[in-house]
Structures are given as C-alpha cells and as structure tokens.
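With the hints as a guide, bring the two chains together.
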Amino acid sequence: MSSRATAYIGKGIPMHDAARLACGRGRYVNDLSVANAAHVAFVRSSEAHARIERVEVEAARSDPRALAVLTGADLAPFVIQRYWGGWAGTAGADYLPVARDKVRWVGEPVAVVLARSRYDAEDVAELVEVEYEPLPVVIDSEESLANSDTRLYEEWDSNVYFHDEFVGGTPDKVFASAPAVFRRRFRSRRQTSVPLETRGIVVGWDVGRKFLDVHANHQDVFLMRASIAHVLDLPDNHVRVIAPDCGGAFGSKLQLYPEELACCCAAIALEGRWNIKWIQDRQEDLIGTIQARDIVADIEVAHDDEGRLLALKAHMISDAGAYGIPARGNTTEGALAATELPGPYDVGHYAYVLDVVMTNKPPLNPYRGVALPMTTCFIERVMDEIAKATGQDRYQVRRRNLVHEFPHASVTGWIHQPGSYVEALDRAMELIGYAELREKHERLRADGRYVGVGISSGCELVAPGATWYGERGVTIQSQEGCQLRIDPSGRVHAQFGTTAQGQGTETTLKQIVADGLGVPMSYVTVSMGDTSSAPHGGGAWASRQTTLGGSAAHVASARMRQKLLNIAGWLLEANPGDMEMVDGHAQVTGVPASSLTLEELAATAYYKSARLPEGMEPALEETVHFEPPPSTHSNGAHAAVVEVDPETGRIDFHKYVIVQDSGRIVNPLIARGQLIGATAQGIGGVAYEHTAYDDYGQPLATTFLDYLLPSALDIPEIEIEFLETLAPDNPLGAKGIGESGTCYSPAAVVTAVADALGVEVNTLDVSPNAVYELMCEGGIA
Amino acid sequence: MGRRNWTLRVNGATAEVEVEDRKLLLDVLREDLDLTGAHAGCEHGVCGACTILLDGLPVRSCLMFVGQAEGQDIETIESLEGPEELHPLQASFVEHLGFQCGYCTPGIILTVKEFLSRNSTPTREEAREAISGNLCRCTGYSQIVDSVLSAAEAMRSSEAS
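These protein sequences, in sequence, are chains A and B. The first sequence finishes on residue 781 if you use the numbering used here, and the numbering steps up by one all the way, no holes. The second sequence finishes on residue 161 if you use the numbering used here, and the numbering steps up by one all the way, no holes.
Derived by calculation from the structure, the hints in this document are not laboratory data. Only a predicted model underlies this, so the values are computations on that prediction, with no experimental measurement involved.
Label-pair restraints from in silico Cβ distances:
#1 A:ASP652 - B:LEU63: 25 to 33 Å
#2 A:ALA389 - B:LEU63: 52 to 60 Å
#3 A:GLU129 - B:GLN72: 40 to 48 Å
Just so you have them, the derived chain A footprint on chain B, three or more residues with Cβ under 8 Å:
#4 91-105
#5 124-136
#6 143-152
Quick partial rundown of chain A residues pointing at chain B, CB under 8 Å, derived from the structure:
#7 MET15
#8 CYS23
#9 ASP31
#10 GLY247
#11 GLY502
#12 GLY673
Positions of the beta carbon are idealized from the N, C-alpha and C atoms, including for glycine.
Only chain B is shown next, with the shape it has when bound in the complex (with noise of 0.2 Å):
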C-alpha cells in the first residue's frame, strides 16, 4: 500500500503527514497530528462523531481518504480556545451539561459553530434540526438544545459589544 507525503492545513497551520494513500482523515488527525479531540463512532459516516469544519462545513472525517483534504482548510475541535479559555460554545455546554460522556461533543461543537454562523437566532426546533445528524447517547438532546440557545444568545451579546 502507497505511503505518500501529504500536506494538510489544520487550525490554520500546515502540517506535513508520511501516510499510507487509504488512511483515513480521521486517522491521521488522531494519530499523525495528535488531534484526538474528533472520534470513531461508527466508521461509516452515520454518527457524527467524527465531524470536522473542511472550508467551514461539516464533514464526516471517517468517510475521507487524507488526500482528499488536500487544499482545504481543516478546523477540529482544538481549534476553539483550551481549557482555560472557554469558547462562548463550550461555555454554554458546560453550564447547560450539553454533554454527558462528552464522546459526541466535539463534531457536535462543530456543526453547531457552523449552524449558528447562518442562523444566529434559532428556535428551539431549528436547533433540533440542526443537530439532527449528530447523535448522542446519553443527553436525550434537550440541555444540547438548551446550549445551543444559550450559545447563540452569549454569541450575540459579544457581537454587539
């Protein structure tokens, strides 16, 4: 099987890989990259917990081959501020336990940042809807809901300040 050096741009820096043609996007950011923020949930694009932003939308990285991602720009969950600064996302989802186990927080995180950069004022039902390709276990969705309003709101008020 082929090894190939790749050239990924992730979190906005470039990042240099030496793998096998078939190793899958997801792979190569948890093991090449030490980005082992996205998750395997099912390996065949249903779960979502594999989602990354390629050019700003979500992508199921599980479903990609490296070198599909080529020329794109790749933004994983490590990409928002650390532990020590929260993003107003990851703010919200801490107060409103948006997460449980946290296996599906990140790809969700994700499609939630993208959703509320076209709909900064969602109801309840558009974040359902919104969300509706990700799944979680443990939540039931309702404090996810619950995060994503309160996200949108905290998102609103620093924009306007």
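Next comes chain A alone, as it looks inside the complex (with noise of 0.2 Å):
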C-alpha cells in the first residue's frame, strides 16, 4: 500500500450522488418508463407437489384485456440447453420457466398472463383453471434424506442433490481417547432475505438483430447475462443486462429465477411484439425468493479437562428447496456450514458429512452471512457446553481456543491471514464490562430478573478466489474489473463490473480512485451496472466489491497517475520522478509553479497527441483486473446484554457492541451503516424470521403479518469499534465487511438469552413463543 497521504481514503464521506434517493428520484425498476408495456401475472401452482393434469386457457385468452397466455407448453421450445447451475457434479434436471408435468412447490409458475397493465393481467390469471393430481409432500429434510419412495425428480434415486463427506486430522481417534465426548442436534430455521424492494424485470427482443434487452435489479449483470445467454443459446453478446437502481438484495437478487427467464422467452416467443414488465408483489416473493438458513446439524465435541477443544465430528442435512436455481445451484450454504463450522477455532481434527436434499419449497441459496449466522451459533454454543462441563469461564474457553497464530491453515484447507481473533474478543469483552456481569447478573436473578450476556465470536471467508465457483464449473467471475478514462476536458470516469444496492459501491470506488490518482473527488464520476460498458466483474456477493473493485482500481490508477507524470514530465522537461499528483495538478515536487492541470495533460492526451513521448500510446485510459487469493478472512466478536421478560418471552437489549477487523476501512460512515445494517438482520432471523410451512408445503408466512421484519424499536443502539489487520495480498489492505453483522449477530442474541434463562438453546429461535417454551423447560414459566 502506498505510503502517500489519503485524502479521501479513511473517511467518512457521505453519499452525495446518492441525494437523489432521498428526492425520491431513485430509478428502480418498477420506475422505469416502458413503451408498448406489456405486464405480466403469473399463474401459480396451489400445491406443493403434483401432477399437472390440465391447464385450461381458453377463458383467459379470450378475453379482451389479454395481451397472451403462455403455458409452460407454449414456452418449452425457447428453453435450449437445461440447465440448472451449480458444482459439477451436483444433481440436475431441466429448468424451465413455467412448470409443464409437475409442480413442486406452491407458488411455481403454471402460466403466463400479459396485459396491459398488471391490475388487468392478475384478473384475466383467475380465468385460467389447473387441474392438479396431488402427490405426497416432501417437506421436511431428514425425511426427504430417508425416504427415496417420493423423489421431487423420478429419474433420480433419491432426493439427494449433493452429498459431501470430508476427514481431516485423525478425529475418530481423538475421539476415542479423548477425556469427554458430546453430542448435541442444532436446527436452523429457514428464512429469506425481504429486501423492501421486490425483484423485477423488464424485457425486449429485437427479432431483427436477435438481441435481448434486459433491465433487472440484479447483483451480478455478467452473471445475469450468462445464465440467460446460457439457458436461451443466445450468444452473451446478444444480451444485454442492466441494472438500474436496487432497493436492497442481500444474495436474493443474484439468480436467474424462474419467472424472469419465462419474461425472457415470452419477449422472444411473442416476437418482440411488447416490451414485457413484470415486478414481483411481497406475497410472490415470500412464497418463491430464494430462502435460506436450513440446516439440521447433528455435531459431536471432544475436549479435555482445561476446556481444549480437540476434535469435533459433523453430519449436516441441507434443505435444498424444489429446484437447482442458476447460477450457483444450491450447495453453497450447506458446503460452506460444513467446511466454515471450526470458525476462529483451531481445531485439527475434523470430520463431516453433508446431505444436501429436495424438498417441496422454494430454492435454497445464499443470503448475507450464508452459512456463518449459524455455524457461529453452533460452534458459540458449543464453547459454551466446554465450558459448563469443564468449570471453566466462558469467555476464557473461546480464548484458549482460537487461533493465536498466522498464517493459520485452516483443518479444511482454508488459508487464515492474519487477524485479531483474540484482540477482538478481548476488547468486545472489555467494552461490555463482562468482568461485573457474572455477580451483577446474579443479584438481578434473585431479583426475578433474567439477565444474560452472549458471547460471539468468529471469522468470515470473504472475496473469494476462482476454486470455489469458478473451478467447479459455475459462471461467476471472482475477479474484478476497473476502466479508468480520463475524458478530453480533463475529468475521471470510472467503469466497475461491479453493482449498488444501498452498499456505498459509488462513493467508496471513487474515494480510492480519487486518491489513487491525486485528483478531487469531484473531478471523478463512477458507473456501474450495465454489460455493454462495465468491464467483466463478478458483482456484489461474499463482500467483495470494495476489496476487489477498490484494488483493481488502486493499481488502474497507480497505472494511470505514472502515465500523467510521464507526460508532464516530458512536457516540462523534467524527471517524473521528481513529480507527483496534487489535487488534480502535476506538479515537480515542492515546485508547485512547475505544473500542468489534468485539463492540459488530456488535452495533450487526445488532441495534441503527437506531442507524446516517443512510443507513448495516446488517450488516457486503463483497465485492470484484479484477482482475488483464494480466501481472505475478516473478523469480529459481538457482545449482548440481553434481558428476558419471564411473563411474554419478549427480549430486550440493555447493551451490544462490535469489534470488527476488515482490515483498511474506507469509508467508516459506510462501514458503520453497513454493520447496523446486517445486524439488525442477524437478529431479525433468529428473533423474529420464519418461512413456515404445513405439512401440505403451504406456506404460513405470506405478509408481513406473518413474517416479521425488526422495526426501529427492536434493534438496540450498537457500540461500533474497528481493529485494522491490514489483508497483505490486496493493495488496499481491506477486507469485506457487508456481511459481517449478520454473521456474528445471531450467536449473540442466542447465548445472551441461553446465560440469561440458564437453558440450552439449540434451535437458532429466540422468538417470544420458542423463548416461552424455554422457560417453561427451565422451571421458570
């Protein structure tokens, strides 16, 4: 990293460009104008699992607001190459936009409505009649993983999509010797992401030219594009993805769904006759968005006397969904639960196998935190059971037991650069006063009061490299691409492959870019989002966009800020050596009358070219593209005092705090927002979050009457301090932090309201009713 002064890197610039949003002159999707709209209602199947015997149409295109209806018949043919994303090797079937024999999960697309607008097109839907031959339902996912009789998919033998055994170390054999040995059965409950904006897509075909026009608020346009290209054997540069402004993602906008690819084939099988429209309502999106949090964890623990933990053994039960959802397929959560369940621990011996099973819901994929929101649940739990068989404190168990030294190879093969796991939770521990806590807490319960501190601790893979996609053969790019221009009149405009949706993206990307190159931040303008001008990236997920957008954009402008100082060196006849960038001018260090403006070296640059270095190329631009190691790994520790309400189960914080290491902060505003954020959501998911369903697949949980999102009095206010392990294989330094909070946030909220009751919570539920029952089996209610 650079030793020259930051100007703008470190500090809390506010998003600027961003003033619009609170204007309420944001273009989302469901903003945008289209001509010749046509908007699409979809008929969706009210079972779980069934035969399709009859889709009866006539009624609906018969009638005078219909534009067309589409059966999954009719759309078949526009569906080339089956695909359903994912690992090599991993289970497979056909994926097509509109369910044709079977449905398999309630809400699936059995038909495609268009009118002119949507209030016409979901009236002409209630014309059109299903006959279904309902089959048994596969619903929950150990049964699934035991009972082959009904497969989701009957040419498979089971409903095994992906199974995984892996053994490192020796643990059988330290188990076997070990002093003590236990067991317990951890369960995650499903949940979804609900960003406040809905998907939505808007889709043109021109037939002349084959070409397909697509505006979706999506995280990943190149991906976006690919899997389209892919499924419609089109060529990727015959579809163009953009993606305008996103009312929030958190991963459940990076797949090709089903239904914005039957907008796709229906564009192209109605011949480009309407621009197609379709904005998902909430009940669409609680009942089909991809969902996530799944797991049945059975874990074995081995550990001595001292609280060392020695060895730990894992059979995880992944509940898939219905389908295989491009790109990544659905093992993600599931591979990464197994592989990511030691944590900051430094266990050498392990041992797990993964099941990654069909059920009759909607797909399995990841959402902020993936697998860390419940591994560090399971793994905190665990160091809290060490230290209730052992004597021992609870926050001296976890310090003997995290990794102290770095690099550390992780016992699955992960590479741990340094960082501050135990700096971390030696702070988190001074911030919350957690040597008081144990005697305060006390004479509160023998006042009937039931007070508890939780304890978390971990780390987080994040911006991976190409081994974890890439190499097993899905369409997601791990590296990242910055295009810098330095247009004539003597400004900078940035292109990213990366994209926004609330993160910051813009504002930090052009903080480093500004200080990269010497200039005003002013003088930079950044653009994302669009495949026909970004260059390739791989879009926001795993907390990468900063880190690898903000190194390819570091070394783009180290490229670029050497070539103006050539330039003006040559124009002045002085070494640029001696030369540096000060606020948009080249000036001959300490000499700042020695000096030319941008305005002057762009014009020099474009219009005055041949008064260029001999064998200069002229114009001012460059591309870089920045590969990611294989792993980079942030981390933090969150404390909760949290009070329990022994007559409503109600939770209540009296204090939380965060210590958090992604290495270089660049925007600590951001940075902050970011945290709160997805801690809120941390805690939503285990307070509050469910996407229930009956035994018939129904979902229970269809407004938000049912599912329900923390509102501002269920979040606490958060103490915030940064440690900065600076990561030594990027040039900034940085390492993501999107997702940290929610990875870290539900183990706090767990073991807060364990201590507090002096009960095991081994369901990741800490909602009134599952907290009443825990008192109930504590003897308190």
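Pasting the structure below:
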C-alpha cells in the first residue's frame, strides 16, 4: 500500500451522489418508463407437489384484456439448453421457466398472463383453470433424505442433490481417547432476505438483431447475462443486462429465477411484439424468492478437562428446496456450513458428512452471511457447553481455543492470513464490561430478572478466488474489473463490474480512484451495472466489491498516475520521478509553479497527441482486472446484554457492542451503516423471521403480518470499534465488511438468551413463543 | 370495472386523472402523475414505503383507493426541494447516511417531517418510536435516528434565525 497521504480513504464521506434517493428520484426497475409494455401476472400452483393434469387457458385467452397467455408447453421450445447451474457433480434436471408436467412448490408458475396493466393481468390470470393430481409432499429434510419412495425428480434414485464427506486429521482416534465427549443437535430456521424492493424485470427482444435487452435489479449483471444466454442458447454478446437502482438484495437477486426467465422467453415467443414487464409483489416474494438458513446439524465434540476443543464431527442436512437455481446451484450454504464450522477456533481434527436434499419449497441460496450466521451460533454454543462441562469461564474457553498464530491453515484447507481473533474478543469483553456481569446478573436473578450476556466471536471468508465457483464449473467471476478513463476535458470516469444496492459502492470506489490519481473527488464519476459498457466483473456477493473493485481501481489509477506524470515530465522537461499529482495537478515536488493541470494533460493526450513522448499511446484509458487470493478472512466479536421478560418472552437489549476487523476501512460512515444493518438482519433472523410451511407444503408466512421484520424498536443502539489488521494480499489491505454483522449477531443473541435463562438454546429461535417454551423447560414459566 | 375522472390536489397543484375506481392511490401517483417517489413495499399497509401525507398526516397510499383522496391535500416526497437544493431533512439524511438503498426513504422522510412538526426536540427514543411504523432493511435504524436528530437541530436553528 502506497505511503502517500490519502485525502479520502479512511474518511466517512456521505453518499452525495445518492442524494436523489432522499428526493424520491431513484430509478428503480418499477420506475422505468417502458414503451409498449405488456405487464405480467403469473398463474401459480396451489399445490406443493402434484402432476399437472390440465391447464385450461381458453377463457383467459378470449378475455379482451388478455394480450397473451402462455403455458409451460408454449415456452418449452425456447429453453434450449437444460441447466440448473451449480457445481459440477451436483444433480440436475430440466430448468423450466414455467411448470409443464409437474409442480414442486406452492407458487411455482404454471402460466404467464400478459395484459396492458398488472391489474388486468391479475384478473385474466384468475380465468385460467388448472387441474392437479396431488402427490405426497416432502417437507422435512430428514425425511427427504431417509425416504426415496417420494422423489421430486422421479428420474433420480433419491432426493439427494449433493453429498460430501471430509476427514481432516484423525478425529476418530481423538474421540476414542478424549477425556470428554458430547453431542448436540442444532437446527436453524428457514428464512428469507426480504429486501424492501421486490424483484423486477423489463425485457425487450429485437427480432431482427436477435438481441435481448434486459433491465433487472440484479446483483451480478454478468452472471445474469451468462445464465440467460446459456439457457436460451444465445451468444453472450446478444444479451444486454442493465441493473438500475436497486432497493436492497442481500443475496436474493443473484439468481436467474423462473419468472425472469419466463419473461425473457415470452419476449422471444411473442417475437418482440411487446416489452415485457414483471414486478414481483410481496406475497410472491415471501413464497418464491430464495430462502436460506435451513440446516439440521448433528455435532459431536471432544474436549479435555481444561476446556480445550480437541476434535469435531458433524452431519449436516441442508434443505435445498424444490429445484436447483442458476448460476450457483444450491450447495453454497450447506458446503460453507460444513467447511466453516470450526470458525476462528484452532481445531486440528474434524470430519463431516453433508447431505443437501430436495423438498417442496422454494430453492435454498446464499443470503447475507450465508452459513456463518448459523455456524457461529453452533460453535459458540459448543464453547458454552464446554465451559459448563469443565467449570471454566465462557470467555476464557473461547480465548484458549481461538487461533493465535498466523498464517493459519484450517483443517478444511483455508489459509487464514493475520487477523485479530483474540484481540477482538478481548476488546469486546472489555466494552461489554464482562468482568462485572456475572455478579451483577446473579443479583438481578435473585430479584426475578433474567439477564444474560451473549458472546459471539468469529471469522468470515470473504472475496474468494476462483476455486469456490469457477473451478467447479459455475459461471461466476471472482475477478473484478476497473476501467478508468480521463476524458478530453480532464475529468475522470471509472466503470466497474460491480453493482450497487445501497452499500455505497460508488462512493467508496470514487474515494479510492480520487486518492489513487491525486485528484479531487469532485473530478470523478463512477458507473456500473451495464454489461455493454462495464468491464467484466463479479458483482455483489461475499463482501468483495470495495476490496476487489477497489484493488483494481488502485492498480489502474497508479498506472494512470504514472502516465500523467510521464506526460507532464516530458512537457515540462522534468524527471517524472521528481513529480507528483496534487489535487488534480501534475507538479514538480515542492515547485507548484512548475505544474500542469489535468485539463492540459488530457488535451495533450487526446488533441495534441503528436506531442506525447516517443512510443506512448495516445488517450488516457487504463483497464485493470484484479484476481483475489483463494480466500481472505475478516473477523469480529459481538457481545450483548439481554433481558428476557418472563411474562411475555420478549427480549430487550441492555447493551450491544461490536469489535470488527475488516482491514483498511475505506469509509467508516458506510462501514458502520453496513455493520448495523447486517446486525439487524441477524437479530431478525433468530428473533422474528421464519418462512414456515405446514405438512402440505403450504407457506404460512405470506404477508408481513406473519413474516415479521424488526422495526426501529427491536434493534438496539450499537457501540462499534474497528481494528485494522491489513490484508497482505491486496493493495488496499481491505477485507470485506458487508456481511459481518449478520454472521455474528445471531450467536450473540442466542448465547445471551441461553445465559439469561440458564437453558440450552439449540434451535436458532428466540421468538417469544420459543422463549416461552425454553422458560417452561427451565422451570421459569 | 368503472373508470372515472378524479380531481386530486397533489403537492399544491390540481391534477385530473381518469382511472378505474379500484386503482390504488399509490399506483395513481406513480403511474398517472409520474410521482414515483412513493414505493410499493408490501401493498398491505405494514412496511410504510408508500407513505404520503394526507392533510398533513402520514397515510399508507397502498391502502387507499384513489377516490378516497379526493378533496384532501396530498403531499409526496417530491414536494420537498429537489436535488439541487435539499430540504434540511434530506440534507441530514445524506450527511448521516440515513439511507442506503433508498427504497424506504421517501416514506420515512415524510413520516419524520410530520413528527418534527409536533416534536422539534426529540430524544433518540422518541425518534425511534416515530419511525417504528416504517420498515428499513438496510440501515438497522441507528443512522436514521442520527439523521432525524440532526435535522431537528438544523430546523430549530433555521427557525430561530
């Protein structure tokens, strides 16, 4: 990392160019003006698992408001290459935009209705009649694994989508001789990301050019383009994807969903007659957007009498839902849960078995934090059980077992570069006032109050390299691109393969470019999200964009700066080595009079280009693509003091602290915002949110009256401190931060409630009903 | 489904629209009047992204048919100053990162505008309560509260001067 002073990196600069959002002038997908629009409503399955006997569309088609009504049979010819995405070796089947012979989840599209308004399209959709022959429903993942008689995909021999086994070290031997062994079953409850803006797409098909034009609020425009092109057998350069302003995503806008694919197919099937527009409504979101956090984990623990964790074994069952969804497929959550269970702890012996199975629910896919929100809970509960079994302090047991020395090769093969695992925990314990809490809480307990402290310590894999997806056959780019241009009038435009859903991508990248070039931030504009003009990149996932987009920007701007100084030195007859960029001027160090403005340098590079040094290319453009190392780990520690109301099961926070190490923080204002927002989602995920299903596969949380999101009264004030252990293998020294809050807050809450009530909490559910049950178990209620 | 002419008073001006009886006020504002600042977040009155001011009070425009708004003053986010000149509320939300994706923001800002007209010296707790009917999925609320308090202060000093 350069030692030059930075004017912008490290400062909490507001998102000034997002001011339009505070004025209601954002352009989200539903705000786009679409000429000649046909609005889509879907006819959706009311059955979780059934054969489709008949789809009767004549009444709908003859309604004067209907522009078109398309069934699975009508659209099937347009899906040319069958494709579920996912790792090579995972199971697969035809990926259909609309069901044809069978439905496998309540809400699965069965027909597409187009009309001049959404209101009319919904009316016409009600005229479509579908006859189903119900089949047995597979809702429970353990039952799905055990029972191959009812198979979602009859051509398979079971419901297993993916199976994996791993042995590191010699766990069996260690278990056989360990002083103490215990086992626990942990469960996490299925939930979904619920961005406030639902999904949406506008598609136009140019019949003559055979060109598909797509506007969608997607997190990875290059993935969307690759997936659409692959499924429809179009070359990539015949598909354009543009992502407008996006009202949040959190991982649920990273897929090619059936509905969006159906819109693309409809556009082509109808020969480009209309521009197809579909905006998902909230009910469609709660029953059909990807879901997450659904694991049953049987964990065995071997430890010694001093509280040292010796070995782990795990069998994890991950509930994949009803179909594999491109491009990732459905292994990520389960596979990361299995490989990341040890977390920040030094465990040399570990074995796991992973089964990822199909059930009659929407598909499973990564949601902010992916597996960490669950595995941090599991391993922190393990630490608390070890503490109880050995009579040791909960903090000290964790401290003893954390990785202390770096680099650390985890038993599952990840390399952990230097982090502050111990220091973060120590500081969090200091901030929460841990030393005084035991006594204080005992006094409160004597008064009939249930107050506990939660401890959550973890590390998080961010910004991974190509081994996780690309090498396994998935069309996801781990690299990130920056295309830097100084225009002829002397101002800077940077484009990236990144996208923005509120995480401040444009602002942080602008800071990095401005500092890299030595120009005022006001000289720089940033754009992203259009596959026709952006450099290729990977988009928003795994907390990678500031780190990787920023690293590409850093390298590109260093090259550009050198070129500017070379030009300036040539024109001023000075040594470029004696020159520097200051505030948009190239000047001889310490001699401000001997300088040239960016405007003058640009004019030379573009208009007076014969004056450039011998052999130098004209124009001022640099494009850099940055490949990350296989893994980077950030780390953090949360601590929470929580009181449980014995009458209502309500949880109140007395204090909440976070110590976070994400290396170099480019913008502390944005970093805080990301941390707090992510923490809120983690709290919601254990205290309120659950996409519940009944035994018939009917979704029970279909509105915000049943799927509860935390409000301003449910999230505490949070004290935050940053540690900065710079990443050694990117020029910024940055590590990702966007997901960390979600990774560690569930465990802080769950372990706090367990401590407050003196009970075990092994299902990650501390909603009032669950807390009431726990209080009954603990003899409190 | 019957279509009818409706006369609405929006942001101080009269607007005439001809739409179906059943069309929601939210959709009329967005589609027929090009006021896309109010957003659909749930269409069942819980999230608050559709919040507008009706005769000065925050209401869920997703729960109203267009006809129910006739004869009343409708204020949308567009009634505050535009991006060249920010209203103190908007300026505070920018300065303190009171928004990230911006989708809930117009609804929250209008809710806060009405709240501050009743309570110009709010505590953090009062500000939290005031926005507790508006869901935000990005911020975790803390920086929204920072923005509200900062806006309250700015609006107090501009009143005073």
